[in-house]
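Number of protein chains: 2
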Amino acid sequence: MTASTPPGKSLRPRLRADAARNRAQVLAAARTAFRELGTAAPLDEIARRAGVNIATLYRRFPDRDALIAQVVLDGFAVVLDAARTAAQTARTDPLGALETFMLSLVDNRETLVLPLIGGPVTNDPQARDLQRQIAAALEEVLSAARARGAVRPDVAAVDLITTAALVCRPLPHLPQQQAATLVTRHVGIFLDGLRPNTTRQLPTAPTHEEVAVHLAPGPPEEAPPSAASDR
Amino acid sequence: MTASTPPGKSLRPRLRADAARNRAQVLAAARTAFRELGTAAPLDEIARRAGVNIATLYRRFPDRDALIAQVVLDGFAVVLDAARTAAQTARTDPLGALETFMLSLVDNRETLVLPLIGGPVTNDPQARDLQRQIAAALEEVLSAARARGAVRPDVAAVDLITTAALVCRPLPHLPQQQAATLVTRHVGIFLDGLRPNTTRQLPTAPTHEEVAVHLAPGPPEEAPPSAASDR
Numbered sequence: 001m002t003a004s005t006p007p008g009k010s011l012r013p014r015l016r017a018d019a020a021r022n023r024a025q026v027l028a029a030a031r032t033a034f035r036e037l038g039t040a041a042p043l044d045e046i047a048r049r050a051g052v053n054i055a056t057l058y059r060r061f062p063d064r065d066a067l068i069a070q071v072v073l074d075g076f077a078v079v080l081d082a083a084r085t086a087a088q089t090a091r092t093d094p095l096g097a098l099e100t101f102m103l104s105l106v107d108n109r110e111t112l113v114l115p116l117i118g119g120p121v122t123n124d125p126q127a128r129d130l131q132r133q134i135a136a137a138l139e140e141v142l143s144a145a146r147a148r149g150a151v152r153p154d155v156a157a158v159d160l161i162t163t164a165a166l167v168c169r170p171l172p173h174l175p176q177q178q179a180a181t182l183v184t185r186h187v188g189i190f191l192d193g194l195r196p197n198t199t200r201q202l203p204t205a206p207t208h209e210e211v212a213v214h215l216a217p218g219p220p221e222e223a224p225p226s227a228a229s230d231r
Numbered sequence: 001m002t003a004s005t006p007p008g009k010s011l012r013p014r015l016r017a018d019a020a021r022n023r024a025q026v027l028a029a030a031r032t033a034f035r036e037l038g039t040a041a042p043l044d045e046i047a048r049r050a051g052v053n054i055a056t057l058y059r060r061f062p063d064r065d066a067l068i069a070q071v072v073l074d075g076f077a078v079v080l081d082a083a084r085t086a087a088q089t090a091r092t093d094p095l096g097a098l099e100t101f102m103l104s105l106v107d108n109r110e111t112l113v114l115p116l117i118g119g120p121v122t123n124d125p126q127a128r129d130l131q132r133q134i135a136a137a138l139e140e141v142l143s144a145a146r147a148r149g150a151v152r153p154d155v156a157a158v159d160l161i162t163t164a165a166l167v168c169r170p171l172p173h174l175p176q177q178q179a180a181t182l183v184t185r186h187v188g189i190f191l192d193g194l195r196p197n198t199t200r201q202l203p204t205a206p207t208h209e210e211v212a213v214h215l216a217p218g219p220p221e222e223a224p225p226s227a228a229s230d231r
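Protein chains in written order, with the UniProt record's numbering: chain A, 1 to 231; chain B, 1 to 231.
Please keep in mind that the hints were generated in silico from the structure rather than gathered at the bench.
Model, not experiment: these values are computed from the prediction.
Don't be surprised by glycine CBs; every beta carbon is placed ideally from N, CA and C.
Honestly, I wouldn't trust all of these hints.
Stated by the list, open to error - If you want a taste of the chain A side facing chain B, the calculated C-beta under 7 Å gives, among others:
| hint | residue |
| --- | --- |
| 1 | Tyr58 |
| 2 | Val121 |
| 3 | Leu166 |
| 4 | Pro170 |
| 5 | His173 |
| 6 | Gln176 |
When you get a sec, could you build the whole thing from the sequences and use the hints?
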């Protein structure tokens, strides 16, 4: 490995350690900047926060859309991991699995820059795909729970996603520990509300697709994302 | 009533119609500006949005803290009204009363610029007093509910306040109707989770005072909050 690795398409498979570190730093800085300043956060501000040259940022991410897409994809990947873990443990303890799912997202919320918690929407078709997989894993949890008679029949994956979104946004001004306790209590009460023999009639849930279309507007042929364009 | 009403402390009791209108416009503009830009929102920007002269703004509110305090107090007053309505109807249908309480706050969230939903903290002792009254009214609802065996013993007013805060922040990117449906479902499930015969053990709740101290730090001599020190 030499110092003269050429930039371009073939760079990524053999990223040197410092290049990988730069890339991670840029993504971490972008996560913070998008959360604080929105998608319009200046790229040179992101480079500054990452401690890298703006040219280095462009070498890793050809344009703003590519950077946004990667940050959002990373967030969805964290959620998918948590949802799959829940699906694995749901057979023995479905409500426990959902509790672990929710609270692990709260614990990792700094890495979650997702549309429903205030992050940007991306056109990247991979985002839509990850969302489908997340919904599928959560439906698997609910199926296992229904098979045990452990949850109300009218709960859907979209309710779990909504709840995760609500609890992942920090309660402002409170000390972290106190906010965490209150959110844990909220999640506990919500989970008890999932049990059968309900009293509240819920309005009809939107389908996963109805929600997702607003959070990842679809494949390139529908709406060409600039992220896919070479520069 | 003349056109030459002098400015100052004695103005308020005899506000003319246009002065009252100006005041309401300034408060409405401040609500929006504080939500969008934080407590540091420039006062001349607030005056501009309100369509009034900056001098007019200063005639109604001598400084930034006075304006912040009034916006926050107005928000707490809306919550207190809703909590008192809930307390009145709790005897016959406590969970229904809580549902109405939560959803009426969601409906009115544009008027709620409160610490827990991202609004500023104020030193105004009236804020602390309103918070106490809100907590008392909600405890009254819970007492009525407990007397009917309608709620779990371990739920506290602070849980209802946390939940109201979580659901009052809009779910981003979703169409309003869809977000409203999802929040209504969330509230319904949460309320069913309040029923007795629970399965989840909740961590010990912070007391109302432990939470409130971060949201209205009391008179300036106790603990000047940094949130109010940005002018």
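(message) Need the list of violated hint numbers for this structure, in ascending order.
(response) 1, 4, 6
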